[in-house]
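Colleague: As given, the protein sequences belong to chains A and B, one line each in that order. Under the working numbering, think of the first position of the first sequence as 4, with each following residue one higher. Under the working numbering, think of the first position of the second sequence as 4, with each following residue one higher.
Worth flagging that the hints you see were computed from the coordinates, not collected in a lab. Hints are not guaranteed to be accurate.
The list treats identical chains as interchangeable, and a pair is accepted whether it falls inside one copy or across any two copies.
Stated by the list, open to error - As a list, the in silico DMTMM-like pairs of lysine to aspartate or glutamate whose alpha-carbon atoms are at most 20 Å apart: (1) Lys149 <-> Glu172; (2) Lys388 <-> Asp344; (3) Lys179 <-> Asp309; (4) Lys388 <-> Asp309; (5) Lys118 <-> Glu37; (6) Lys362 <-> Asp437; (7) Lys362 <-> Asp114; (8) Lys179 <-> Asp312; (9) Lys149 <-> Asp208; (10) Lys247 <-> Asp52; (11) Lys149 <-> Asp309; (12) Lys179 <-> Asp317.
Treat the numbers as computed from the prediction; the structure is a model and nothing was measured.
2 protein chains.
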Amino acid sequence: MKSLQKTEELQILALNAFSGATGPMAPDVAALVERRRRSFGAASVLFYDEPLRIVRAEGATIHASDGRAYLDFYNNVPTVGHCHPKVVEAVRAQLGTFNTHSRYLFDVAHDYAEKLLATFPAELSNVVLACTGSESNDLALRLARKVSGKAGIIVTRAAYHGNTATVTEVSPSSYKTGAPPRHVRTVPPPDPALFGNDVAQGFADAVKAEIAALEADGIGFAGLLVDTIFSSDGVYADPPGFLKTAVEVTRAAGGLFIADEVQPGFGRTGEGMWGFSRHGVVPDIVTMGKPMGNGYPMAGLVTRPDILDTFCADVGYFNTFAGSPAACAAGLAVLEAIEEDGLIANAARVGRHLTARLKRLQARAPITAVRGAGLYLGVEFGTEKGPAPDIAKGLINGLRDHGILIGAAGRYGNVLKIRPPLCVTTADADVLVDALEELLA
Amino acid sequence: MKSLQKTEELQILALNAFSGATGPMAPDVAALVERRRRSFGAASVLFYDEPLRIVRAEGATIHASDGRAYLDFYNNVPTVGHCHPKVVEAVRAQLGTFNTHSRYLFDVAHDYAEKLLATFPAELSNVVLACTGSESNDLALRLARKVSGKAGIIVTRAAYHGNTATVTEVSPSSYKTGAPPRHVRTVPPPDPALFGNDVAQGFADAVKAEIAALEADGIGFAGLLVDTIFSSDGVYADPPGFLKTAVEVTRAAGGLFIADEVQPGFGRTGEGMWGFSRHGVVPDIVTMGKPMGNGYPMAGLVTRPDILDTFCADVGYFNTFAGSPAACAAGLAVLEAIEEDGLIANAARVGRHLTARLKRLQARAPITAVRGAGLYLGVEFGTEKGPAPDIAKGLINGLRDHGILIGAAGRYGNVLKIRPPLCVTTADADVLVDALEELLA
Numbered sequence: 004m005k006s007l008q009k010t011e012e013l014q015i016l017a018l019n020a021f022s023g024a025t026g027p028m029a030p031d032v033a034a035l036v037e038r039r040r041r042s043f044g045a046a047s048v049l050f051y052d053e054p055l056r057i058v059r060a061e062g063a064t065i066h067a068s069d070g071r072a073y074l075d076f077y078n079n080v081p082t083v084g085h086c087h088p089k090v091v092e093a094v095r096a097q098l099g100t101f102n103t104h105s106r107y108l109f110d111v112a113h114d115y116a117e118k119l120l121a122t123f124p125a126e127l128s129n130v131v132l133a134c135t136g137s138e139s140n141d142l143a144l145r146l147a148r149k150v151s152g153k154a155g156i157i158v159t160r161a162a163y164h165g166n167t168a169t170v171t172e173v174s175p176s177s178y179k180t181g182a183p184p185r186h187v188r189t190v191p192p193p194d195p196a197l198f199g200n201d202v203a204q205g206f207a208d209a210v211k212a213e214i215a216a217l218e219a220d221g222i223g224f225a226g227l228l229v230d231t232i233f234s235s236d237g238v239y240a241d242p243p244g245f246l247k248t249a250v251e252v253t254r255a256a257g258g259l260f261i262a263d264e265v266q267p268g269f270g271r272t273g274e275g276m277w278g279f280s281r282h283g284v285v286p287d288i289v290t291m292g293k294p295m296g297n298g299y300p301m302a303g304l305v306t307r308p309d310i311l312d313t314f315c316a317d318v319g320y321f322n323t324f325a326g327s328p329a330a331c332a333a334g335l336a337v338l339e340a341i342e343e344d345g346l347i348a349n350a351a352r353v354g355r356h357l358t359a360r361l362k363r364l365q366a367r368a369p370i371t372a373v374r375g376a377g378l379y380l381g382v383e384f385g386t387e388k389g390p391a392p393d394i395a396k397g398l399i400n401g402l403r404d405h406g407i408l409i410g411a412a413g414r415y416g417n418v419l420k421i422r423p424p425l426c427v428t429t430a431d432a433d434v435l436v437d438a439l440e441e442l443l444a
Numbered sequence: 004m005k006s007l008q009k010t011e012e013l014q015i016l017a018l019n020a021f022s023g024a025t026g027p028m029a030p031d032v033a034a035l036v037e038r039r040r041r042s043f044g045a046a047s048v049l050f051y052d053e054p055l056r057i058v059r060a061e062g063a064t065i066h067a068s069d070g071r072a073y074l075d076f077y078n079n080v081p082t083v084g085h086c087h088p089k090v091v092e093a094v095r096a097q098l099g100t101f102n103t104h105s106r107y108l109f110d111v112a113h114d115y116a117e118k119l120l121a122t123f124p125a126e127l128s129n130v131v132l133a134c135t136g137s138e139s140n141d142l143a144l145r146l147a148r149k150v151s152g153k154a155g156i157i158v159t160r161a162a163y164h165g166n167t168a169t170v171t172e173v174s175p176s177s178y179k180t181g182a183p184p185r186h187v188r189t190v191p192p193p194d195p196a197l198f199g200n201d202v203a204q205g206f207a208d209a210v211k212a213e214i215a216a217l218e219a220d221g222i223g224f225a226g227l228l229v230d231t232i233f234s235s236d237g238v239y240a241d242p243p244g245f246l247k248t249a250v251e252v253t254r255a256a257g258g259l260f261i262a263d264e265v266q267p268g269f270g271r272t273g274e275g276m277w278g279f280s281r282h283g284v285v286p287d288i289v290t291m292g293k294p295m296g297n298g299y300p301m302a303g304l305v306t307r308p309d310i311l312d313t314f315c316a317d318v319g320y321f322n323t324f325a326g327s328p329a330a331c332a333a334g335l336a337v338l339e340a341i342e343e344d345g346l347i348a349n350a351a352r353v354g355r356h357l358t359a360r361l362k363r364l365q366a367r368a369p370i371t372a373v374r375g376a377g378l379y380l381g382v383e384f385g386t387e388k389g390p391a392p393d394i395a396k397g398l399i400n401g402l403r404d405h406g407i408l409i410g411a412a413g414r415y416g417n418v419l420k421i422r423p424p425l426c427v428t429t430a431d432a433d434v435l436v437d438a439l440e441e442l443l444a
């Protein structure tokens, strides 16, 4: 249980994992931790030295067995809010009616596919549904390699794209030791601290250099795969448009641009549905995951028909649970909830408020940057000695004592990651920043 | 939409896929097919020339928009019955309470893990939850390769184990053209027609020869991965125990034995929960999928702690949707329904009845074998000219006209695959065999 994966998702765990100490735990929690150790063994990972035992959740609030209500600034899966009534009812109704695989016809699949595709540029007119973001990225890599005829993939230095054998190769943040295989090359994140004012050109030049290296090594270049808000690298969103040059470089070299929207997608940036659109680019493939069903396991990718045709001529793709009626009902309810609850505008509004307050705090705290878009923000801690993961770790634990759940990101784990359900309010944001002010004082 | 994958799951499609013809379709069905073509493109696969538009389902019955009720002899995902009230209510209740990822504690995860692990031999004391059988097999291959330090995997000739990049490599039935990569070797299925009376020794010898070939090629042997009822190869269940010799050969060569229980697992063979136990072996890794949540997307593997420890020391595993409260609630309800509804005994009883009637039919029909265990049966069609997929195809379409849904399997697609929800009755079985008799007359 002490073995931890160093991924975007698990970065916090490297800082703050279950230590095995049972001394201070409430008896009910200690008993569950022991049961967990026995059944789930080395693959089990838990948040906090004394993990939360959850009893219920709604909106942006999680209620635990310690009798406390925690404000959730960590979880992006319940993107429209924990237990959103609309999503719960849609899935409930469908599960009680029928829930088969997708080789039969059912109306909700088409209502969903059409509503989802309408949020994308017209070129991206085909959708393939899967169950997890990992499966989506696994398939995206197969598409890119088939279409390009090459194997080489470029990702960022602390990228996390999922957990299959193939996707782990392109997730350097998952490696405890060692380097990526030869057909996977990494570039630094689009960090102004590295590239100065022209992040676009600097990032594109880094991509260009790795393309050349892949060609020189006889591997060839299949595509560039990035999370369009660079979450696991530490959250890099600005200036909007900086990705365009790297995408041009990618296309000029015959590669495909794959936008991983698992993190920024479904309205989180407060500037439309997708992170890539902030950059004025149209990807060849867009992958989706976590927030897509608000917790119902579903994921997928959209792409151009010519790409899918080329792939399917050779092998095809079928996924038993994917695109089931319940998944489509969940996905449709999520899209409707984003609209009806005005969540994109809310992400923009609360994000602006948070950013402004965090920037004021920056003047009197060891904060080296406040970055992000909408409700995906990164607060980077550092001192004259460099990155300060200890400050981030201390805050994660301190905020829990204040009834706030949050995590960390970045290569050094020194970036506090603000990624709440999109229904949080400016009052919730004030609770977070008030607590940060108190803890940093 | 006409591009079809030749997999176990899709074998029927190669026989019987949507042809693109819209002439005879009901207008509502034709409209959905057209919407499907537009949104899902080349990756879309549908059953039957005029696909079923489903409106509701319960037990072993699917109701379609043509006003008919179809008896379901195809679907093993709703293993305890379509829309089983116990499973539906368990998921409904959990979705409305909370449904987070597994890095918090919640009681249902432990109730489920313990009940699941209690069905396995004591050595297999750790469980890792995933979302799909593909993810489970992908992880199992990573475990086997890490523990053995080798890459070579042996599977059967028409194996299907899932759809990730890595698992597709070990799924020869998915290839439209070409051969497996060098680190994947195939053996014939354990078919008495190939190996005579000593299937155990014949199959083990075939495995031994491929191990030697892997060693000779400098690749080395990581493990043997088989579906313990060999579904996609055409269903091979007898004699119980025949796998034991191949497992001994595998272990003697330092390889791991991975039992893929996606098809036979959860009671389908009518002889206990798992297909491997019929063979008197304890696998190193057991993978599970389809029936695990009766349609709620969930899957996983069980293994020994020493195997998981070795893997996690290097990388670890986390899967966002896996082991969520709703998944665990679904899985627990499935295990309880199997017990409460007496489904293993029912699978044995109805399977015996079906087998007896099919064997009587064999005397006066072009049936070359009736094989299987419990409610996983294969009826192989052939003439003096060899395998007869056309007969199987004709029966699949003919049975649909009789209100019965069924599919095909086997390298040649000539094996009718009987794989219904485990709640079918002997009366349902009689409806199937009566229709077969009529169609074959």
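Colleague: Hint by hint, note whether the structure agrees.
Modeller: Verification of the supplied hints:
1. Lys149 <-> Glu172: Answer is both: 18 Å inside a copy and 15 Å across each meet the 20 Å cutoff.
2. Lys388 <-> Asp344: neither (44 Å within a copy, 65 Å between copies)
3. Lys179 <-> Asp309: between (38 Å within a copy, 19 Å between copies)
4. Lys388 <-> Asp309: Neither. Shortest intra-copy (52 Å) and inter-copy (41 Å) distances fail the 20 Å Cα cut-off.
5. Lys118 <-> Glu37: Between copies only: 16 Å across chains, 45 Å inside a chain, cut-off 20 Å.
6. Lys362 <-> Asp437: within (13 Å within a copy, 76 Å between copies)
7. Lys362 <-> Asp114: For Lys362 and Asp114, neither the intra-copy (43 Å) nor the inter-copy (46 Å) Cα distance is at most 20 Å.
8. Lys179 <-> Asp312: between (38 Å within a copy, 14 Å between copies)
9. Lys149 <-> Asp208: neither (25 Å within a copy, 36 Å between copies)
10. Lys247 <-> Asp52: neither (43 Å within a copy, 45 Å between copies)
11. Lys149 <-> Asp309: within (12 Å within a copy, 38 Å between copies)
12. Lys179 <-> Asp317: Between. Shortest inter-copy distance 6 Å satisfies the 20 Å Cα cut-off; intra-copy 35 Å does not.
In the structure shown, a violation is registered for the earlier hints numbered 2, 4, 7, 9 and 10, in ascending order.
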